Structure formats: structure tokens, C-alpha cells
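Peer 1: Single-letter residue listing:
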Amino acid sequence: MGLLSRKVTCNAHGQDSSYFLGWEEYEKNPYDNIKNPDGIIQMGLAENQLSFDLIEAWLVKNPEAANFEREGQSIFRELALFQDYHGLPSFKKAMADFMSENRGNRVSFDPRKLVLTAGATSANETLMFCLADPGDAFLLPTPYYPGFDRDLKWRTGAEIVPIQCTSANGFRITKSALEEAYEQAQKLNLKVKGVLITNPSNPLGTTTTRTELNHLLDFVSRKNIHLISDEIYSGTVFTSPGFISVMEVLKEKKLENTDVSKRVHIVYSLSKDLGLPGFRVGVIYSNDDIVVDAATKMSSFGLISSQTQYLLSALLSDKNFTKNYLKENQIRLKKRHMKLVSGLEAAGIKCLKSNAGLFCWVDMRHLLSSNTFEAEIELWKKIVYEVKLNISPGSSCHCNEPGWFRVCFANMSEETLKVAMNRLKMFVDGPSSSTRSQSEHQRLKSLRKMKVSNWVFRLSFQDREPEER
Amino acid sequence: MVALTAEKQDHNLLSRMAAGDGHGENSAYFDGWKAYEENPFHPIDRPDGVIQMGLAENQLCGDLMRKWVLEHPEASICTAEGVNQFSDIAIFQDYHGLPEFRQAVAKFMEKTRNNKVKFDPDRIVMSGGATGAHETVAFCLANPGDGFLVPTPYYPGFDRDLRWRTGVNLVPVTCHSSNGFKITVEALDAAYENARVPVKGLLITNPSNPLGTTLDRDCLKSLVKFTNDKGIHLIADEIYAATTFGESEFISVAEVIEEIPDCNRDLIHIVYSLSKDMGLPGLRIGIIYSYNNRVVQIARKMSSFGLVSSQTQHLIAKMLSDKDFVDEFIRKSKLRLAERHAELTTGLDGLGIGWLKAGAGLFIWMDLRNLLKTATFDSEMELWRVIVHKVKLNVSPGGSCHCHEPGWFRVCFANMDHQTMETALERIRVFTSQIEEESLKLTKQMAKKKKCWQSSLRLSFKDTRRFEEGFFSPHSPVPPSPLVRAQI
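Chains A and B, in that order, are what the protein sequence lines are. Numbered per UniProt numbering, the first sequence spans residues 1 to 469. Numbered per UniProt numbering, the second sequence spans residues 1 to 488.
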């Protein structure tokens with residue numbers, strides 16, 4: 001009799017994949033512009049570090065919320081005892097309003113249909129437990145976020161069947177791809193319970209088009225299955241075309257209060273838009289009362305700390321703050337995105353045209369020694385170990401074409417991004433650049449000296465430019 | 001007809017898990033909570049409301065906590081003193097947890113075990129409260145269809161936490177009042193042999209919920225021996241570790257395994273939380289501590305589904321590193337628990353109401369067997385409804401804790417102030433004197449001078465639903481007390 005469960009002994013947690021191996025390498029040798037300038041630069045982490053100063057400024061201006069006070073009284077004690085899985089009403093209201101604001105107030109969200117979970121990780125798993133029995137399948141367009149293999153399948157026993165998307169049409173979801181995926185599931189004897197999309201997409205960084213959303217709604221309607229839309233990046237849309245939520249399309253098609261609308265569920269989180277992954281704030285939004293009820297009960301296994309709910313309820317209820325934050329955050333993301341794109345271009349590397357997310361979907365097919373995934377991993381290893389950049393190979397995202405990589409841009413300073421782009425350029429330009437690399441080394445050395453004195457100088461100031469982080 | 005089909009269709013569209021009632025919240029027991037929610041006691045606004053005695057919360061030292069928080073603004077990442085750490089903490093989602101958090105928790109666990117054992121911070125794994133911890137441990141140690149032995153009576157939430165999404169079964173190990181509900185090897189053997197599912201482990205809660213008793217050293221050793229011999233896991237839920245008061249001593253399984261040289265430590269796991277000892281259920285701080293390296297590894301990966309908020313980790317790391325505060329907190333908490341416990345039990349003693357002698361926990365295990373019409377669970381439920389609706393006290397009937405014998409009730413005392421306790425005792429006094437009066441009347445009629453509370457109790461409740469198994473935990477779905485509701 002096995003001592004541990006099959007869940008422990010299998011690999012469905014997915015953490016043996018290359019996606020996580022790159023992380024391990026980074027952890028052994030992390031870049032620091034002063035202490036470890038030759039270290040690996042982390043570009044595999046989809047984090048938003050560009051706008052913390054806005055939140056910090058808010059905290060300084062709002063000491064009552066920051067100190068867990070209301071009308072001069074500390075409510076810490078009450079918060080410490082608050083464990084109701086329905087969540088803090090003011091927080092749910094603030095979240096519902098924030099989600100609406102993120103969609104230009106074109107749709108409204110009812111706080112009673114919100115379920116709070118410990119991050120989107122928990123939200124996605126919980127939805128699976130609610131919608132799928134072990135052995136049931138969800139269709140996911142490729143490429144997709146590698147974490148889904150763990151979040152959707154590991155403890156739930158559900159399966160993922162890919163909807164193959166290709167670069168031929170910019171990785172758009174087509175009607176035929178949907179049908180093929182469905183048939184594939186049937187061939188594998190898997191009962192399809194729904195489709196899960198990420199909009200805006202991770203790793204593509206593109207927003208789902210109205211056409212695609214229409215196809216998807218038609219499809220789930222005909223097949224009588226669910227549609228989960230993970231909209232965790234909804235606040236990171238920095239340029240046109242804008243973000244269209246599936247909720248908007250439901251409204252446009254006058255499908256609210258129909259059977260289909262009860263099968264559409266949204267997942268959201270504050271980890272990307274607000275850059276607060278440590279706080280574990282996730283949300284399920286569903287029009288199906290039974291799902292809301294079951295998910296609420298399941299949230300007992302991962303409630304949001306009341307301390308965090310309270311802080312964020314105050315933050316998000318401040319409409320001046322949210323309006324300004326969303327706008328400014330998008331400006332900064334757009335700027336940083338452009339820097340990455342131009343840096344890549346200088347190295348002769350293109351990427352998929354994108355309007356959202358914290359990363360680019362980079363086309364390095366021309367750098368492969370052969371059009372195979374082996375070659376992709378070969379290239380990836382070079383980039384991690386020689387170029388010293390941790391980026392995510394497309395195969396870890398289940399892309400069906402080798403040569404694509406996800407490269408993050410919002411989790412580092414502008415200076416670090418420059419260093420990364422220089423390294424990439426040197427790598428692409430080839431061995432003849434070794435002399436150039438020496439003078440580059442000298443330049444960087446003197447730059448570092450300058451930076452130390454600048455750093456000392458800057459310490460005497462409270463304000464810091466956001467991009468200096 | 002159409003509506004029925006539509007609903008049926010709806011149910012097929014969802015998982016069996018969502019459509020079913022494995023969450024355990026559909027039981028008749030829920031009436032107690034409803035009664036409380038509809039009419040919660042408040043000393044001024046609602047003096048006739050239902051007093052909540054079904055909630056095992058430690059509310060006696062909130063003032064100490066609040067004072068510390070106010071005096072240590074740097075422990076918050078939001079205050080002027082702490083905001084310089086905001087971005088680092090907000091970004092931190094590593095499932096290893098903040099090192100200072102793990103170290104502080106390890107130290108706290110040592111302290112609450114009288115520094116008789118050492119805990120390794122690297123074995124500390126976070127979870128979404130003890131609720132999340134139990135589910136994760138079940139996912140790690142058992143496959144769907146396997147079973148865990150659990151001594152009765154046990155915390156009702158286990159039915160959900162260990163079974164709902166995991167597919168694991170609970171196999172009761174019957175304990176009897178005749179020996180103070182102690183766990184015997186005979187009972188363990190019997191349960192193990194007769195189990196109809198593969199048994200993967202034994203789950204004990206020490207100190208016990210709902211009994212409030214602690215396991216002595218010999219008993220703990222025998223449990224370790226039993227599980228080791230059978231090659232099954234021992235999971236010790238030590239969530240009430242610091243709630244011992246008076247002479248009672250808490251001995252952790254961590255201490256006992258040090259005294260068993262050939263113990264297979266791969267089978268030993270502890271579940272812990274700060275919800276009871278520190279009265280912080282809202283902050284969702286659950287801990288899995290396993291001596292099995294593989295379990296630590298995998299449980300840590302699973303902790304992604306219920307990490308402790310980094311904001312909270314930071315606060316707790318600072319708080320628990322304050323040695324003076326922690327020492328004072330534990331000391332005062334035990335004193336106040338002892339006081340409140342004594343208040344309740346002295347009151348009950350004066351009324352001739354029995355209770356299981358125990359020295360830990362946030363509740364007492366009250367003996368009302370002699371108030372039952374018949375020694376059945378139906379009678380227990382009848383009596384319980386009287387207590388909830390007439391005496392206006394929400395207490396937990398033993399049947400909901402899977403107690404083998406009817407007539408026992410769990411009564412919490414640490415979630416109310418002195419005045420409320422007085423009021424509760426007064427109501428019990430009135431209730432018992434009413435019963436006495438009635439019985440006196442009847443005995444006069446029967447011309448017998450015998451004090452008997454039992455047979456004369458006439459209950460006229462139409463609703464005599466049989467108590468169903470499973471009940472929702474007094475945990476997550478509980479609405480806030482009026483005080484909390486007003487403030488938030």
C-alpha cells in the first residue's frame with residue numbers, strides 16, 4: 001500500500017517543467033545591478049512592479065485605513081475575528097465596482113455574485129471543482145499559462161484538451177479549432193464541460209476580439225457547456241484595441257438572464273493590475289447561484305485575510321485613486337512595452353503585436369537551429385545560461401510551434417531592461433561581438449561606479465521615480 | 001415539468017461536488033445558527049436575543065492584541081512607519097513563505113509546548129487556516145476512497161474538510177463517557193479491523209474539540225505505537241495547544257516521538273493554526289508541520305491554493321518575534337480562560353449540571369443526559385431545540401460531533417464577556433428551576449418524594465426531524481457577532 005497519495009507521487013503539479021527550471025536557475029544566480037551584475041535577469045515573471053508608488057502615496061494620505069481605524073477607533077480586534085466566507089461586504093462592493101471600472105463601466109457586477117478566493121490560483125481550481133467531475137475536460141486555447149496544468153488538473157482530476165492556435169493568424173481562436181478540440185476530446189473519451197480562455201491572453205498579451213468572443217459564446221451555447229474567462233490582466237490593457245469582456249458581449253447579444261449567461265464565469269485577481277500577488281486576492285464571478293453557493297463554501301479552504309480585505313476595500317472604494325491608478329498604470333505599461341519591443345527590434349527580433357499584459361510573445365523562430373522543440377529548448381538553455389536571461393519557452397505554454405518565447409517587461413527597472421536588451425543583442429550579433437563585449441564591460445563598470453554615487457545621492461530623497469525600482 | 005427538466009439539466013452541468021451536499025451545511029442543526037442570526041443577543045439592544053455559545057473563538061485577549069498593533073505601527077506595511085516595506089511584501093508570493101514568518105511561528109509553537117521541543121522553520125508549510133491544512137494533508141496522504149480513523153466525538157468541520165473535495169472517508173473510533181471518552185487501543189483496533197475502506201491514518205485533536213481534554217503521555221505513546229505498527233499516518237491537530245489552563249498540561253506529539261527511538265517519523269504530521277491560541281481566525285493562518293520530507297515538499301506546492309497573505313505574514317512575524325508580548329499574551333490568555341471556565345463550571349455545579357472534567361479548549365462538554373426523555377438522539381434534538389428557542393442559548397448538540405451517546409452538548413465560553421456569561425448562567429438557572437417546579441408538581445401528583453428531572457419533561461415540538469449526519473462548521477459561514485457587524 002503506497003504511503004502517500006497518487007497526487008503526491010505523480011507530476012501533475014507540473015513543476016518539473018522548464019518553466020520552473022528557469023526559475024530555479026535564476027534563484028541560484030539572481031541579477032543585481034550592484035551586487036551581481038552578471039547574474040540572470042528575471043524575465044519569466046509576469047509581475048507588475050511599475051506602479052507601487054501610487055499605492056504607497058495613497059497609504060500615506062489615508063492613515064485611518066492604513067492603521068485599521070474607523071472614526072478614530074481601532075477595529076483590528078473585529079477584523080481579527082472576521083472569518084465569514086461571504087467576505088467583507090464593503091470589500092466585495094469595492095471589487096465589483098473596480099471590475100466595472102476596468103470595463104469602462106459598460107457592464108456592472110453584482111457583489112452577491114462574487115466569491116472571494118486566495119488568489120486566481122484558488123479561483124480557477126475552485127471553479128473546476130464546481131464545474132467538472134474527475135475525468136471531465138476543459139478546452140483551452142494554446143499557448144496558455146503553464147500554471148493551468150496544476151491549477152485546473154492536479155487535485156481536481158480534470159483534463160485539459162488544447163484548442164490549437166497558430167501564428168498563421170496571430171494565434172486567434174477559430175471556429176474550426178474549437179470544433180477540432182471538441183472532437184479530439186471525444187476521441188479521448190473525455191466529456192467536455194467547458195472552455196477556458198484568458199482575456200487578455202497570457203502569454204500572448206493580446207485582447208480577445210469581439211469575433212472570437214462571439215464564436216465562443218455560440219460554441220458553448222450549442223454544446224451546452226461552460227465558458228470561463230480568466231480576466232486577470234483586464235487592467236493591463238495599454239493601447240487599442242480596447243478590452244472587451246465576455247460580460248459585455250453577453251449584454252450586447254441580449255443574453256443576460258438566459259441559460260448561456262449562467263454558464264459564463266469570470267475569474268479575476270489583483271495580482272497583476274495592482275501588482276499585489278502577495279496579498280492573495282482572487283475572485284470568481286458567476287451568474288449561476290448554485291456555483292456561487294458551492295464556490296463560496298469551498299472558499300473556506302482559502303479565504304482572503306480579513307486584514308487584507310479591509311485595506312483593499314478602503315483603497316478600491318476611493319474612486320479618485322482607482323481612476324488615476326488605472327490610467328497612470330496603463331501609461332507606464334505602454335511605455336515599458338515599447339522599450340522592450342524596440343530593444344528586441346534592435347536585435348532583429350520581432351514579437352506578436354500586443355496591446356495588454358506584462359510580457360511580449362517573442363518570435364525567435366529564425367534563431368532556431370531546426371524547426372523543432374528540441375531546438376527551442378537548446379536555444380532557451382543558451383539564453384538562460386549564456387545570455388543570462390530567464391524567459392519562458394513557448395513549449396512550456398503548450399504552443400504547438402517551436403521558437404516562441406514569453407518575455408516579461410514590467411517586473412524590473414528600465415535600466416535592467418536596457419541591460420537585458422544589450423545582452424540579447426550581443427548574443428544575436430554573434431561571436432564577432434566579443435571585442436565589443438569587452439568595451440561594453442568597461443562601459444558597464446564605469447556606469448556602475450556612477451550608479452553607486454548616484455544611489456548614495458538619491459538616498460537622501462524621499463521621492464523616487466517609479467522606474468528606478 | 002419544463003422547470004424540473006431545466007433544473008435537472010443544470011445539476012448535470014455542474015460537478016457532482018457542487019450539486020451535492022458534501023459541504024455538510026444542510027443539516028437540521030443549522031437552525032441554531034439561524035435562530036442566533038435572526039435574534040442575536042446584545043446586552044443593551046437585544047437583551048432577549050440568542051446567546052452564541054456554539055462558537056469556539058478566543059475573544060478574551062483582543063485588547064492585548066489591539067494594544068500591540070497600535071504600539072507597533074512598523075508591523076503594518078501600510079503605516080508611515082512601515083510603508084517602506086510595502087512593495088517588497090506586496091510582491092512576495094513565494095510559497096515558502098517569509099523566512100521571518102516561519103521562524104516566528106516555529107518559535108511560537110515551541111513556546112506553546114513549553115519549549116520541550118524544537119520546530120524546524122523549514123518544515124513549516126502555510127495553508128488557508130487549519131481548514132485548508134486538513135484538506136491538504138488529506139490530499140497528500142490518502143486517495144479517494146481511503147479512510148482516516150477519527151475518535152468520536154470530533155469537530156464537525158472534519159466531515160467537510162477531510163472528505164468533501166478529497167473523496168476520503170472518516171472511520172469513527174468510538175469513545176465512551178464511561179472512561180471519560182479516552183481513546184483506547186481496543187477501540188482503535190476494532191475500528192481498524194472493521195473498517196470497510198483502506199485505512200491510511202489516524203487523526204486526533206489534542207487538546208480535544210469538543211471535549212477540552214488533553215492526551216496524557218502514555219496515551220500519546222500508544223497512539224504513535226499503534227499507527228507505526230500498522231504503518232499508517234498519525235495526524236495531530238494541535239490547534240488548541242495554548243488553551244490549557246489551571247493544572248492541565250499539553251503534551252505535543254512532537255515531544256512524544258523524541259521518546260520513541262525507532263519511531264517512523266515519515267508517518268507523523270501536525271496541523272496547527274493561530275485561530276484559537278491567538279484569537280485570529282480572520283487572518284487565516286494555517287500551518288502544516290510534517291516530519292515527512294516528501295509531504296512537506298508537496299504540501300508546500302499545494303499551499304499555492306491557500307497561502308497566507310504576505311501582509312499578514314509580515315504582521316505576525318513581527319508580533320510573534322516580540323518575546324515579551326508573546327509571553328505576556330500566553331500567560332494572560334490562560335488566566336482569563338481559566339477564569340471564564342471557572343465562572344461557567346461553578347455556575348453549572350451550583351445547578352447540579354454535570355460536565356466533563358477537562359482543562360483546555362474554549363468550551364466545556366456538558367452532560368444533560370438526565371434531561372433527556374429517552375436516551376436517543378431524537379430526544380437530544382428535542383432538548384436542543386428547547387435550549388435554542390426557549391432558553392435562547394445556541395449550543396452544539398453532541399450528535400453533530402458524532403458522539404456515540406446522546407445527551408452531551410458543547411458549550412463555548414471564551415467568545416463572550418463576563419456580563420453575557422452571567423446572563424447565560426441566569427437563563428440556565430431559570431430553565432432548570434422551571435424543570436424542577438414541573439417535576440415537583442408531577443411528583444406531588446404521583447405522591448412520591450423523588451427528585452427527578454427526566455421523565456416529567458414534556459416537550460411539544462412538532463418538528464422532530466432526525467438529526468442528519470454532517471453539520472457545517474461554526475467556522476467560515478458564521479455571520480459576525482453584532483459587535484463585529486457594527487464595527488466593520
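Note that these hints are calculated values from the structure, not bench results. Note that the coordinates shown come from a computational prediction; the quantities given were computed from them, not determined experimentally. No residue lacks a Cβ here, since even glycine has one placed at the ideal position from N, Cα and C. Worth double-checking, as some hints may not be accurate.
[Unchecked claim] These stretches of chain B come out as covered by chain A in the derived footprint (C-beta under 8 Å, 3 or more residues):
(1) 54-63
(2) 66-74
(3) 84-94
Peer 1: Look at each hint and say if it fits the structure.
Peer 2: Hints, one by one, checked against the model:
1. Coverage of the segment 54-63 of chain B by chain A holds [criterion: at least 3 residues with CB-CB distance below 8 Å; count 4].
2. With a cut-off of 8 Å between beta carbons, the segment 66-74 of chain B has 4 residues touching chain A; three or more are needed, and the interface restraint holds.
3. Requiring three or more residues with a Cβ within less than 8 Å of a Cβ of chain A, the coverage given for the segment 84-94 of chain B holds, as 7 such residues are present.
Going through the hint list in order, the structure satisfies each hint without exception.
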